[in-house]
Amino acid sequence: MERKIRVLIAKPGLDGHDRGAKVIARALRDAGMEVIYTGLRQTPEQIVSAAIQEDVDVIGLSILSGAHNHLFPRVVELLKQSGAEDVLVFGGGVIPEEDIPFLKSKGIAEVFGPGTPTSKTIEFIRANLKRPLN
Amino acid sequence: MYDLIRCCIEGDVRAVARLITLLESGDREAYAALYRLKDHAGRAQVIGITGPPGAGKSTLADKLIAQFRSRGLKVGVLAVDPSSPFSGGAILGDRLRMQGHATDPGVFIRSLAARGSLGGISKATHAAIRVLDAAGYDIVLVETVGVGQSEIDIVRVADMVVLVSVPGLGDDIQVIKAGIMEIGDIFVVNKADRDGADRVVREIRAMLELQAQLKRGQTPEGGPDTLAARAPEFLHHTGLAEGWQPKAGNESGAPGEKESITAPKPGVLPEAGTISAALIIPPVLKTIAETGDGVKELAHAIFSHFETLSRTGELERKRLESIRYQLGQFVSNEIVHLMSLPELAAAQDELAHKVFSRKMDVYSAGIALFHTIIEQGASHEHPQA
Numbered sequence: 001m002e003r004k005i006r007v008l009i010a011k012p013g014l015d016g017h018d019r020g021a022k023v024i025a026r027a028l029r030d031a032g033m034e035v036i037y038t039g040l041r042q043t044p045e046q047i048v049s050a051a052i053q054e055d056v057d058v059i060g061l062s063i064l065s066g067a068h069n070h071l072f073p074r075v076v077e078l079l080k081q082s083g084a085e086d087v088l089v090f091g092g093g094v095i096p097e098e099d100i101p102f103l104k105s106k107g108i109a110e111v112f113g114p115g116t117p118t119s120k121t122i123e124f125i126r127a128n129l130k131r132p133l134n
Numbered sequence: 001m002y003d004l005i006r007c008c009i010e011g012d013v014r015a016v017a018r019l020i021t022l023l024e025s026g027d028r029e030a031y032a033a034l035y036r037l038k039d040h041a042g043r044a045q046v047i048g049i050t051g052p053p054g055a056g057k058s059t060l061a062d063k064l065i066a067q068f069r070s071r072g073l074k075v076g077v078l079a080v081d082p083s084s085p086f087s088g089g090a091i092l093g094d095r096l097r098m099q100g101h102a103t104d105p106g107v108f109i110r111s112l113a114a115r116g117s118l119g120g121i122s123k124a125t126h127a128a129i130r131v132l133d134a135a136g137y138d139i140v141l142v143e144t145v146g147v148g149q150s151e152i153d154i155v156r157v158a159d160m161v162v163l164v165s166v167p168g169l170g171d172d173i174q175v176i177k178a179g180i181m182e183i184g185d186i187f188v189v190n191k192a193d194r195d196g197a198d199r200v201v202r203e204i205r206a207m208l209e210l211q212a213q214l215k216r217g218q219t220p221e222g223g224p225d226t227l228a229a230r231a232p233e234f235l236h237h238t239g240l241a242e243g244w245q246p247k248a249g250n251e252s253g254a255p256g257e258k259e260s261i262t263a264p265k266p267g268v269l270p271e272a273g274t275i276s277a278a279l280i281i282p283p284v285l286k287t288i289a290e291t292g293d294g295v296k297e298l299a300h301a302i303f304s305h306f307e308t309l310s311r312t313g314e315l316e317r318k319r320l321e322s323i324r325y326q327l328g329q330f331v332s333n334e335i336v337h338l339m340s341l342p343e344l345a346a347a348q349d350e351l352a353h354k355v356f357s358r359k360m361d362v363y364s365a366g367i368a369l370f371h372t373i374i375e376q377g378a379s380h381e382h383p384q385a
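These protein sequence lines map, in sequence, to chains A and B. Each step along the first sequence adds one to the number in my numbering, with nothing skipped, and position 60 is 60. Each step along the second sequence adds one to the number in my numbering, with nothing skipped, and position 189 is 189.
No lab work stands behind these hints, which were simulated from the structure alone. In this text, all values refer to a predicted model and were calculated from it rather than measured experimentally. Even glycine gets a Cβ: it sits at the ideal position worked out from N, Cα and C. Careful, some of the hints might be misleading.
Listed next, with one range per pair, are the computed distances between beta-carbon atoms [as the list claims (entries may be wrong)]:
(1) 77(A) x 1(B): 24 to 34 Å
(2) 77(A) x 174(B): 44 to 54 Å
(3) 128(A) x 14(B): 20 to 30 Å
(4) 172(B) x 114(A): 49 to 59 Å
(5) 132(A) x 195(B): 52 to 62 Å
(6) 118(B) x 130(A): 30 to 40 Å
(7) 77(A) x 43(B): 30 to 40 Å
Produce the complete structure using the sequences and hints provided.
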């Protein structure tokens with residue numbers, strides 16, 4: 001019996017704008033995934049706690065405020081501390097090119113900037129899940 | 001699987017989450033292993049919250065969690081949202097309203113997609129309730145999808161149902177219709193600061209009063225105001241609704257209709273077993289979930305109702321009824337599962353062709369298929385618990 005892919009879409013930090021997060025949530029829904037949307041202004045602790053309770057395969061973090069270099073790695077670190085390394089973490093939003101290698105070195109699997117076709121994100125998720133679907 | 005179950009009973013959050021995932025996926029080994037939970041079952045109070053989309057169920061749940069936590073109770077939440085019938089995907093957005101409790105170790109929130117079930121909850125909801133119960137959550141709140149008029153499966157899995165309504169959804173004919181309005185143990189009119197809230201309260205109360213009269217085999221006479229005269233005969237909790245009044249007193253309620261009923265408080269119950277559950281008139285409460293107004297009274301009404309359920313033996317009766325229903329559900333699910341086996345799919349196909357070529361009619365073919373299923377079922381190997 002095949003599992004559904006479950007994805008948590010979260011907005012860490014102090015953004016007041018979640019249009020992009022909702023667009024990606026909607027696209028993943030239409031790709032047959034179950035998307036838990038946790039809303040604005042989440043701490044990394046809230047995000048990781050929700051991800052564990054929801055038993056998600058993937059966390060998508062969207063950020064526009066510029067605090068990505070701090071908040072993204074913190075989420076990955078908390079997942080490790082909770083023994084949940086099998087969750088795939090990707091990022092999106094307004095992230096400067098030059099920050100991406102740093103984020104990848106900290107365990108963010110991929111970063112999708114503005115204008116990325118949603119199909120690319122969907123393909124990425126399907127190809128990079130860390131837990132088998134059955 | 002044994003370790004996973006053991007960790008669940010110990011309250012390990014990851015194990016609970018993982019087990020629910022397996023149950024949601026229909027993992028037969030996980031279902032077979034559920035019997036290990038039985039010695040840890042039946043402790044949680046299971047509360048259903050249902051009502052139309054946007055009525056404020058999640059926000060109300062959020063505020064109720066705070067009330068339960070302030071009493072030191074551990075709370076598990078199962079929040080169901082609809083799945084797309086087209087893609088199978090879902091946006092699970094109930095949790096958004098409750099994220100303030102995300103890092104509280106005494107709260108476990110899990111979003112469930114309905115996955116094709118049309119009764120307001122998902123197929124795995126009942127099993128997930130059992131898992132949370134065994135994991136030591138004192139209260140299990142089950143929030144249904146936003147329902148319409150007939151999605152009432154919640155009543156099969158919850159000890160009690162809080163039915164959330166809002167002003168502006170229709171007149172008193174909507175209130176007396178069959179279906180959803182029949183399953184509330186507590187009625188809540190949320191967004192009570194909006195116009196028409198008092199009218200909805202009155203309409204629901206009139207409906208409940210009428211219902212109680214009809215159940216007692218009496219001819220209804222008069223409106224809600226006759227409730228006061230009969231109050232001592234009934235075990236009703238309407239007095240609870242008086243605990244909170246909206247701040248803006250601009251409702252156009254009829255003069256003199258203050259519903260200041262001198263009802264007996266739940267404390268003056270008759271002896272156990274002397275009252276029929278049919279005589280319990282559900283309370284109708286007003287809340288503004290956004291601000292938390294009225295939620296304390298709602299929590300009080302919930303506990304009061306549980307007390308009544310336990311004292312009257314109604315809780316046992318409800319749980320037994322629920323088990324009977326789950327048994328029936330289990331059997332139909334098994335039959336559906338058997339039909340997916342290749343040999344039975346082939347038999348179904350063959351019979352379908354016979355009906356198509358008019359060698360058989362659909363009813364006798366159906367009976368033949370049913371017998372084949374029963375035979376197959378008897379020889380079919382089940383995963384051993």
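The hints, checked one at a time:
{"no.": "1", "hint": "77(A) x 1(B): 24 to 34 Å", "in the structure": "31 Å, holds"}
{"no.": "2", "hint": "77(A) x 174(B): 44 to 54 Å", "in the structure": "52 Å, holds"}
{"no.": "3", "hint": "128(A) x 14(B): 20 to 30 Å", "in the structure": "21 Å, holds"}
{"no.": "4", "hint": "172(B) x 114(A): 49 to 59 Å", "in the structure": "52 Å, holds"}
{"no.": "5", "hint": "132(A) x 195(B): 52 to 62 Å", "in the structure": "54 Å, holds"}
{"no.": "6", "hint": "118(B) x 130(A): 30 to 40 Å", "in the structure": "34 Å, holds"}
{"no.": "7", "hint": "77(A) x 43(B): 30 to 40 Å", "in the structure": "36 Å, holds"}
In summary, this structure violates none of the numbered hints.
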